[in-house]
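K.L.:
Next come the chains, spelled out residue by residue.
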Amino acid sequence: MKEMVNCARVRFPALGENEGFARLLTAGFLMHLQVTPAILADVKTMVSEAVTNAIVHGYRGREGKKCFVFLELKFYSDRTLMITVTDLGRGIDNVEDAMEPFFTTDREGERSGMGLPIMQAFSDSLRIRSRPGRTVVTMRKKLP
Amino acid sequence: MKLLTAEKEGTLMVRITGDVDHHSAPNIREEIDQELLKTRPRELILDLSGTDFMDSSGLGLILGRLRKARELNCRLTVLNPTEQIVRILRLAGVEKTLNIEYL
Ligand SMILES: Nc1ncnc2c1ncn2[C@@H]1O[C@H](COP(=O)(O)OP(=O)(O)O)[C@@H](O)[C@H]1O
Ligand SMILES: [Mg+2]
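Note that the protein sequences, when read in sequence, are chains A and B.
My numbering runs 31 ahead of the 1-based position in the first sequence.
My numbering runs 62 ahead of the 1-based position in the second sequence.
For the record, the hints were derived by calculation from the structure and aren't laboratory data.
These figures come from a predicted structure and were not determined experimentally.
It is possible that some hints are incorrect.
[To be verified] Here are the simulated distance ranges between beta carbons:
{"id": "1", "chain 1": "B", "residue 1": "Thr73", "chain 2": "A", "residue 2": "Asp128", "range": "37 to 45 Å"}
{"id": "2", "chain 1": "A", "residue 1": "Pro44", "chain 2": "B", "residue 2": "Asn161", "range": "37 to 45 Å"}
{"id": "3", "chain 1": "A", "residue 1": "Arg162", "chain 2": "B", "residue 2": "Lys70", "range": "51 to 59 Å"}
{"id": "4", "chain 1": "A", "residue 1": "Met130", "chain 2": "B", "residue 2": "Asn161", "range": "46 to 54 Å"}
{"id": "5", "chain 1": "A", "residue 1": "Lys33", "chain 2": "B", "residue 2": "Thr101", "range": "52 to 60 Å"}
{"id": "6", "chain 1": "A", "residue 1": "Gly59", "chain 2": "B", "residue 2": "Gly80", "range": "12 to 20 Å"}
{"id": "7", "chain 1": "A", "residue 1": "Val126", "chain 2": "B", "residue 2": "Pro88", "range": "23 to 31 Å"}
Virtual Cβ for every residue (Gly too), placed ideally from N, Cα, C.
Work out the full structure, taking the sequences as your base and the hints as a guide.
P.N.:
Below is the structure:
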C-alpha cells in the first residue's frame with residue numbers, strides 16, 4: 032500500500048504574480064526529493080498552466096484579492112506526486128473542446144490554447160472536474 | 063524580467079531573462095513590438111539563453127512575434143532555448159517551422 036509522505040495545501044488570491052509564487056512553492060515542495068532539473072521543469076510547467084487557467088479563465092473579469100486559487104501537493108511513498116488546482120470560478124463549458132490543441136476562448140490575449148495539452152503531455156494523468164462555480168484539475172506524475 | 067535589445071546591421075536581438083508566464087508576457091510583448099516597429103529589422107532574434115522558465119504563455123508570445131515578424135518581412139530566430147522550452151515548441155508542432163539556433 033502506498034502511503035502519503037508529505038502534503039501541502041495553499042490558498043492564494045487570483046493575482047498574476049502568484050503564478051510565479053505557485054511555481055516556487057512547488058519547487059520548494061520537491062526540494063528534498065532528488066528530482067532532476069528536467070522533471071522539476073515539467074512539474075513547474077504543469078502547475079503554472081493550471082494556476083494560470085484558474086486565474087485568467089476561471090476568474091475571468093474578476094481576478095483579484097477576493098477570488099482564491101487552491102493548490103494542493105501530495106507526495107506518496109511510491110514517489111507519485113499528486114497536484115490539485117481548484118478555482119471557484121465560471122467553470123469550463125465543454126472540457127472535451129477545451130482539451131483540443133490550440134483551443135482557446137481568449138483570442139485577444141495571445142493565449143496559445145496549448146495549456147491543457149501541455150499539462151496532459153507533461154503529467155502521467157490529467158483529470159478535470161468542472162461545473163459553474165468550481166473547477167478541479169488533478170494531475171499525477173510518478174517521479175523517477 | 064529584464065529585456066535587453068541590441069541592433070546591428072538589420073538584426074534586432076532581444077534577450078529575455080527570467081520567467082515568461084501570463085503575468086510577464088504582456089510587457090515583454092509590448093517592448094519587442096515597439097522595438098520591431100521602430101527599427102524595422104530584417105531579422106529578429108529572441109535570445110532565450112537567460113530564460114529560466116516558459117509556459118504556454120511564452121509559446122503564445124513566440125507565435126505572436128512570428129506572425130508579426132512575417133507581416134514586417136522579418137525573419138524570426140529563437141536562440142538557445144532550454145530543453146523544456148523545446149518540448150513545448152515540439153508539442154505545438156512549431157519546432158520544425160521555427161528557426162531555432164544554438165550558440
Ligand atoms: N479553470 C478554468 N476555468 C474556466 N475555463 C477554463 C479553465 N481552464 C481552462 N479553461 C478553458 O479551456 C480553454 C483551453 O485552456 P488552455 O489549453 O490552457 O489554453 P489557453 O489558456 O491558452 O486558452 C481556455 O481557453 C478556457 O476556455
Ligand atoms: Mg491555459
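K.L.:
For each hint, tell me whether it holds in the structure or not.
P.N.:
Consistency of the hints with the structure:
A hinted range of 37 to 45 Å for the beta carbons of threonine 73(B) and aspartate 128(A) is consistent with their spacing of about 41 Å. Range check, proline 44(A) to asparagine 161(B): Cβ separation about 40 Å, and the 37 to 45 Å hint holds. Take arginine 162(A) and lysine 70(B): their Cβ atoms lie about 55 Å apart, and the range 51 to 59 Å holds. Range check, methionine 130(A) to asparagine 161(B): Cβ separation about 30 Å, and the 46 to 54 Å hint is violated.
The hint said 52 to 60 Å for the Cβ distance between lysine 33(A) and threonine 101(B), and at roughly 57 Å that hint holds. Range check, glycine 59(A) to glycine 80(B): Cβ separation about 18 Å, and the 12 to 20 Å hint holds. For the hinted restraint 23 to 31 Å between valine 126(A) and proline 88(B), the CB-CB distance of approximately 27 Å keeps it satisfied.
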